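Undergrad: The residues making up each chain are set out below.
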Amino acid sequence: MADKFSLILFSGDYDKAMAAFTLANGAAGNQMEVTVFFTFWGVSLLRNRTQPRRSFLENLFKMMMPSGPRELGLSKMNFGGLGPKLMQKLIAEKNGQTLDDLLSMAKERKIRFVACEASLKLLGIEPSELIDYEYLEIAGVDRFLNNASESKISLFI
Amino acid sequence: MADKFSLILFSGDYDKAMAAFTLANGAAGNQMEVTVFFTFWGVSLLRNRTQPRRSFLENLFKMMMPSGPRELGLSKMNFGGLGPKLMQKLIAEKNGQTLDDLLSMAKERKIRFVACEASLKLLGIEPSELIDYEYLEIAGVDRFLNNASESKISLFI
Amino acid sequence: MADKFSLILFSGDYDKAMAAFTLANGAAGNQMEVTVFFTFWGVSLLRNRTQPRRSFLENLFKMMMPSGPRELGLSKMNFGGLGPKLMQKLIAEKNGQTLDDLLSMAKERKIRFVACEASLKLLGIEPSELIDYEYLEIAGVDRFLNNASESKISLFI
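Line by line, the protein sequences are chains U, H and D.
Last residue of the first sequence: 159 (my numbering), numbering continuous.
Last residue of the second sequence: 159 (my numbering), numbering continuous.
Last residue of the third sequence: 159 (my numbering), numbering continuous.
Since the hints were made in silico from the structure, they are not lab data.
Some hints could be false.
Given that identical chains are not distinguished, each listed pair holds provided it fits within a single copy or across any two copies.
Once the Cα atoms are required to be at most 16 angstroms apart in a straight line, the calculated EDC-like pairs of lysine to aspartate or glutamate come out as [to be verified]:
#1 K123 - E95
#2 K154 - E128
#3 K109 - D134
#4 K154 - D5
#5 K154 - E136
#6 K6 - E152
#7 K6 - E128
#8 K64 - E110
#9 K96 - E136
#10 K87 - E119
#11 K91 - E131
#12 K96 - E119
#13 K96 - E110
Since we're looking at a predicted model, the values are computed, not measured.
Whole structure, please, built from the sequences with the hints as guidance.
TA: This is the structure we're talking about:
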């Protein structure tokens with residue numbers, strides 16, 4: 003089995019995304035080939051701007067979905083939306099890495115990003131609304147299954 | 003290692019169950035032998051009717067637990083219980099697959115379902131309250147561990 | 003690949019911790035070498051007392067974080083904090099194992115516990131605030147990645 007690490011990021015929570023990218027960056031630092039599959043709420047992390055949509059339901063879900071790492075909430079102790087700001091301050095206090103830092107490092111380490119095709123379609127997100135990143139592709143579930151079948155570690159977060 | 007895929011469905015959320023069965027159906031479509039272990043809130047998906055219970059606590063938890071895929075909530079943006087209905091409408095708008103559709107496909111593809119024995123006992127759910135399905139069995143944690151040990155991919159959702 | 007089982011416990015929920023230790027204890031009972039990595043909210047399970055902190059944000063998060071298994075909440079049906087007590091009563095009714103019982107068994111079976119170094123630092127938890135346990139160590143993400151690379155099963159809970 004190849005030295006691959008496959009990770010599904012389903013969650014759109016700040017803390018879970020931090021855990022995901024801490025693992026991904028660590029693996030990439032150990033020369034593993036790392037692929038992160040962003041599905042459902044996880045695709046929030048790949049959004050960089052919002053385009054107006056036609057469907058009311060699309061708008062409802064998209065309006066509520068964060069755009070980019072700074073808008074994510076915490077899975078626990080969200081303190082009415084204040085949680086992530088507090089978490090970021092706490093990270094700064096400790097000279098730790100924010101989610102923004104972790105994502106930058108992931109790109110420096112050329113971690114492969116895959117945006118789940120079905121999730122984009124369902125939530126009405128166009129490819130043009132995603133971040134610019136050389137190693138970002140859009141693909142279906144088979145892309146994950148093939149990669150995970152060859153991976154030493156596969157996780158769902 | 004055999005071409006097996008083992009999945010624990012702990013969550014009783016509509017969106018997480020969608021992710022689980024999208025993966026499971028995809029793997030089965032790729033000729034992997036797929037087994038889904040339903041534990042804790044995940045067993046909601048296997049319930050088709052409710053029998054009266056004797057214990058107050060059993061009743062409390064069971065009363066609050068969904069019966070079947072249509073009663074599940076969303077892990078995010080549940081909109082006070084309205085989320086899954088909106089999600090189902092959004093899926094219909096996109097000609098996508100609802101959780102009902104995904105479960106039907108899982109049965110067509112003969113995916114093995116295992117209901118966690120301890121969870122049924124804890125939540126006071128009798129085998130007679132579960133759906134009729136040829137490949138549904140009731141078993142303990144060893145069933146998962148043996149299967150996962152032989153699987154290329156194991157996930158906890 | 004060795005007969006190892008690697009588990010990340012990110013969650014600080016009573017029900018998810020029950021699932022984690024049911025799996026871990028089952029695997030250890032089957033002679034697998036089991037390692038549980040406690041990260042983020044999961045480190046709550048390792049706390050046995052609280053020391054006063056200097057930073058306001060540290061105090062805020064720590065004050066809200068449970069200390070030990072009895073203070074954890076449920077991921078669903080928490081009933082305003084009452085959920086875990088009801089769950090414990092329900093377990094007692096069924097002669098099942100509470101989270102306390104599961105943790106004791108994990109220690110009897112010499113399951114290795116690893117507390118995530120970065121999480122302790124971030125949340126301001128000192129080693130002296132953790133439970134006494136011979137097989138508890140503090141380590142970074144590489145410890146998990148190395149172990150998981152050699153494991154038949156790796157899960158993120």
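Undergrad: When the hints from earlier in the document are held up against this structure, which numbers fail?
TA: 2, 5, 7, 8, 9, 10, 11, 13
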